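2 protein chains.
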Amino acid sequence: MRIDDLDTPAVVIDLDRMEANLARAQQYANAHRLALRPHIKTHKIPSLAQRQIALGAHGITCQKLGEAEVMAEAGLEDILISFNLLGAAKGERLRALARRCTLSVVADSGAVAEGLSALFAAAGRRLPVLVECDTGAHRCGVAEPQAAAALAETIARLPGLSFAGLMTYPAHGGVAATAAWLDEAVACCARRGLEPEVVSTGGTPDLYRAHEVAVATEHRPGTYIYADRSLLARGYCGLEDCALSVLATVVSRPAPDRCILDAGSKALSSDLLGLDGHGLIVEHPEWTIHALSEEHGHVRIPAGAAGPEVGERVRIIPNHACVVSNLFDLVHGARAGRIEMAYAVAARGRMQ
Amino acid sequence: MRIDDLDTPAVVIDLDRMEANLARAQQYANAHRLALRPHIKTHKIPSLAQRQIALGAHGITCQKLGEAEVMAEAGLEDILISFNLLGAAKGERLRALARRCTLSVVADSGAVAEGLSALFAAAGRRLPVLVECDTGAHRCGVAEPQAAAALAETIARLPGLSFAGLMTYPAHGGVAATAAWLDEAVACCARRGLEPEVVSTGGTPDLYRAHEVAVATEHRPGTYIYADRSLLARGYCGLEDCALSVLATVVSRPAPDRCILDAGSKALSSDLLGLDGHGLIVEHPEWTIHALSEEHGHVRIPAGAAGPEVGERVRIIPNHACVVSNLFDLVHGARAGRIEMAYAVAARGRMQ
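Those protein sequence lines, which keep their order, are chains A and B.
Last residue of the first sequence? That's 429 in the numbering used here, and every number before it is there in order.
Last residue of the second sequence? That's 429 in the numbering used here, and every number before it is there in order.
No lab work stands behind these hints, which were simulated from the structure alone.
For clarity, every value in this text was computed on a predicted model and none was experimentally measured.
Fair warning: there could be bad hints in the mix.
Treat identical chains as interchangeable: a pair holds within one or across any two.
What the hints assert, rightly or not - Derived pair list, reagent style EDC-like, types lysine to aspartate or glutamate, alpha-carbon separation capped at 16 Å:
1. Lys167 <-> Glu191
2. Lys167 <-> Asp81
3. Lys167 <-> Glu272
4. Lys167 <-> Glu317
5. Lys167 <-> Asp84
6. Lys167 <-> Asp82
7. Lys167 <-> Asp406
8. Lys167 <-> Asp353
9. Lys167 <-> Asp93
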């Protein structure tokens, strides 16, 4: 089947571009002796996680327990869940998962650590827990290096847990601040007799500066596998590196300066990530997807530009690849215009 | 099982509120002799569509061929697909669907009508086609009443098609303009010897003004079944009418003025619909969900407000219920704190 034969809207992954993106990151990590632990949130596809491992990744990162279960079921052996896990409903699932793979998790408070300890105190082996650190992104994470070391000590003392290291999702552009923060946190840990085995940073925008955080032992990029319009806008990559696109069809041509695509917020998501418009139309970069309904993309065509016929197909580089993956049950892998395979997005919809 | 036992994030439908929303709309439609043709995009659940029919709806509306297939498979008998359908890949599916239910579709251009005609010319029975009209929303639709009548005539002449009427998705607040537009379109049709059997309007915000469009024969509300924060903000309903909420847990308390929920853009979507923030926290309306990561809701807590403990659970009325349905494979129906049933969101992810 050719790409031209796919019904729309559909997600197409350019496999050559994807492979190049994966290889480049792995080579970089190898050159800097950094472990790569890709975040599967971007693709949610077990066979792509296996490909990342085959290329040299040390393990994978998941954000959800349910994602990790899907990946373990598919044979992935080393999984970090980089999200505070709590609540009785997750307990037995978490214990079962820890029995079938090398699992590590995070905590940014005593409450989370104590909940994990209660689950694993009688489990026979200790659950490795990393301290999540807020090095500037102001999401989760302990706020100060001293507090990271104090929580590390709590974790090390709690039954059923072992202190495995430090983890941060850094602020984009905050490499120097992250490095300074983690340096101090490692020093604070040392003063308490604790050595973080793993110091884990994340994010694609600063992926190729990961080595500037001297104490980092691993990096967790997600979007690098596909890239997207937000990374293009940041100068992270070129259009030729964008591996994921959404195929769409012009379904209406209500006025000379407007057309309507069959890809709306349920295909592209409403994520703007600070950008104007809802995606880059590869064939017509001068068009603007200025609004989305659920199933309609509203396109503005500049005066003087040749407009499309109803039925014309376009490729859209979405603002944010990860959320697009999350909307489709199936994506298509293509090379040279031909569909080579369909991937089930098996970890999509694993909300808990 | 009680709501308190559900793992988070999860969608809970208050069944009493939902029933009241459905009954009120049906009573209104009956009182005004308007056919109700609910849009299932909001719930995507066959048994809820069947409930709408049982209460008196004349049929249902779908936006996607794939949604309509799921609904027909579940026994729904009268389906309008209110979206321009084109492309070879949909042809055989559309013909098969027309054989198993009473199907009608729309067109807003000769190109779409001709494509449909090519599919149905040899089908043995005519496909009813409504002319989509742009009465002010500036999405799809023919731009002028005269053009609507001209397209109606084209449809009436094309092999395999019958002209079934006029359809609009009106601009919110545009009831008077819609009424004037459709009046003129009906008159233009009459001058060509055509009578639209159906004149169909849509949307929940102006649902209870549908009778002000005197020529309208049916209305297609979607969100009315659940309501949401956008309808609350418009004054359409009260908080006690909001039937869909997203349960979430406080997973981090990084600072006195902030907490982090386990519901991000993959649970709430990024749809703002002109509102500030990403949802209303029922227990703490003074908190603001000021940003979303994929799996994190970032909450600002006003100075002086009592902050939550890690592990506290909250209910969120999302900005836009329809896109939340589209993110979950399963939603839970509850009464008086107890979960009565789980609904598979069977038509979710039917992209084509």
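Results for each hint:
With identical chains, the CA atoms of Lys167 and Glu191 are at most 16 Å apart within one copy only, with a shortest distance of 14 Å there and 54 Å across copies. Proximity of Lys167 and Asp81 under a CA criterion of 16 Å is satisfied inter-copy only: 14 Å between copies versus 44 Å inside one chain copy. Neither within a single protomer nor between protomers do Lys167 and Glu272 lie at most 16 Å apart by alpha-carbon distance, with minima of 29 Å and 60 Å respectively. With identical chains, the CA atoms of Lys167 and Glu317 are never at most 16 Å apart, being 42 Å at best within one copy and 31 Å at best between copies.
Taking the closest pair of Cα atoms, Lys167 and Asp84 come within 16 Å of each other only across two copies (7 Å); inside a single copy the shortest separation is 39 Å, beyond that limit. With identical chains, the CA atoms of Lys167 and Asp82 are at most 16 Å apart between copies only, with a shortest distance of 11 Å across copies and 43 Å within one. When the C-alpha separation of Lys167 and Asp406 is checked against a cutoff of 16 Å, the pair qualifies neither within a copy, at 24 Å, nor between copies, at 18 Å. For the homomeric pair Lys167 and Asp353, neither the shortest alpha-carbon distance inside one copy (39 Å) nor that between copies (32 Å) is at most 16 Å.
In this homomeric assembly, Lys167 and Asp93 never come within 16 Å of each other (Cα to Cα): the closest approach is 38 Å inside a single copy and 29 Å across copies.
When each numbered hint is compared with the structure, violations occur for hints 3, 4, 7, 8 and 9.
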